[in-house]
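*Asks:* Each residue of the sequence shown is one higher than the one before, starting from 138 at the first, in my numbering.
None of these hints come from the bench; they were simulated from the model. Please note: incorrect hints may appear among the correct ones.
[To be verified] Derived DEER-like restraints, expressed as beta-carbon distance ranges:
1) Glu357 to Gln186: 23 to 31 Å
2) Thr210 to Glu357: 39 to 47 Å
3) Asp189 to Ser315: 38 to 46 Å
[Claimed, not checked] 25 Å max Cα-Cα, derived DSS-like pairs, lysine-lysine:
4) Lys262 to Lys307
5) Lys360 to Lys348
6) Lys168 to Lys360
7) Lys325 to Lys348
8) Lys307 to Lys351
9) Lys168 to Lys185
10) Lys219 to Lys168
11) Lys307 to Lys325
12) Lys219 to Lys307
13) Lys325 to Lys360
14) Lys262 to Lys219
15) Lys168 to Lys307
Here a beta-carbon is modelled for each residue, glycine too, at the ideal position from N, C-alpha and C.
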Amino acid sequence: MQIFGVDIGGSGIKGAPVDLDRGDLAQERCKVLTPHPATPDGVADGVKQVIDHFGWTGPVGLTFPGVVTGGATVRTAANVDKSWIDTDARALFSDRLGGLPVTVVNDADAAGVAEMEFGAGRGRKGTVILLTFGTGIGSAVFVDGTLVPNTELGHLELNGHDAERRASSKAKEDHDLSWEQWANRVRKYLAHVEMLFSPELFIVGGGVSRKSEKFLHLIEGIKAEIVPAQLQNNAGIVGAAMRAAHHAA
138 MQIFGVDIGG SGIKGAPVDL DRGDLAQERC KVLTPHPATP DGVADGVKQV
188 IDHFGWTGPV GLTFPGVVTG GATVRTAANV DKSWIDTDAR ALFSDRLGGL
238 PVTVVNDADA AGVAEMEFGA GRGRKGTVIL LTFGTGIGSA VFVDGTLVPN
288 TELGHLELNG HDAERRASSK AKEDHDLSWE QWANRVRKYL AHVEMLFSPE
338 LFIVGGGVSR KSEKFLHLIE GIKAEIVPAQ LQNNAGIVGA AMRAAHHAA
């Protein structure tokens with residue numbers, strides 16, 4: 138079975154049909170740049186461009202980098218334009234896509250759902266936390282496989298700032314940090330999250346998961362196991378498609 142998944146990020150909008158039996162992309166993904174400012178209309182145009190690239194006419198699952206309630210309404214917009222707040226994203230995207238059935242989910246929650254089903258969290262019980270390091274820091278918290286949605290742990294305070302302003306991969310680029318310097322910031326952030334939630338497992342996702350060999354071994358003093366996301370930066374696309382299939386069923 139194939140369903141289309143789209144992952145909307147602060148820097149790019151990427152999507153592809155997903156083979157839900159394998160938990161992997163059925164075709165090579167298409168990516169366009171996220172417009173700046175990332176307004177609802179501009180992002181919707183980018184999503185349509187990705188969908189049109191494949192000529193897709195079925196259900197679509199989309200991630201959004203913020204809190205999404207009821208599978209539709211955007212409540213926060215830390216890394217996109219503030220005009221997203223209180224937008225009915227499901228109606229917006231469905232209208233722009235000619236009435237296609239649309240499901241919208243928090244981006245990190247989508248990535249977490251995919252990793253728990255097909256990746257590094259498969260079969261794991263207890264508390265598992267996936268953290269996506271990108272433009273910001275997204276989080277997905279699972280207790281015995283059940284998602285606690287919209288946790289937004291990237292906005293915990295770290296050294297007087299939102300944690301994502303200190304320890305996201307964008308922060309690494311903005312401050313020209315070495316892998317060692319950045320890993321130290323990530324360690325402090327993980328220690329704070331661990332103090333609050335005592336997870337058995339951290340899954341490190343986002344684009345930086347492709348380079349886990351450069352920094353994971355530098356993160357010491359954390360009791361929880363720390364592993365890279367197995368689906369890497371495709372996890373959001375896969376998870377979005379999984380959610381769309383669930384709602385279509």
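*Asks:* For every hint, state whether the structure bears it out.
*Replies:* Now for the hints, and whether the structure bears them out:
no., hint, in the structure
1, Glu357 to Gln186: 23 to 31 Å, "44 Å, violated"
2, Thr210 to Glu357: 39 to 47 Å, "41 Å, holds"
3, Asp189 to Ser315: 38 to 46 Å, "41 Å, holds"
4, Lys262 to Lys307, "31 Å, violated"
5, Lys360 to Lys348, "22 Å, holds"
6, Lys168 to Lys360, "37 Å, violated"
7, Lys325 to Lys348, "19 Å, holds"
8, Lys307 to Lys351, "16 Å, holds"
9, Lys168 to Lys185, "11 Å, holds"
10, Lys219 to Lys168, "23 Å, holds"
11, Lys307 to Lys325, "17 Å, holds"
12, Lys219 to Lys307, "19 Å, holds"
13, Lys325 to Lys360, "13 Å, holds"
14, Lys262 to Lys219, "37 Å, violated"
15, Lys168 to Lys307, "19 Å, holds"
The structure is inconsistent with the numbered hints 1, 4, 6, 14, although it conforms to all the rest.
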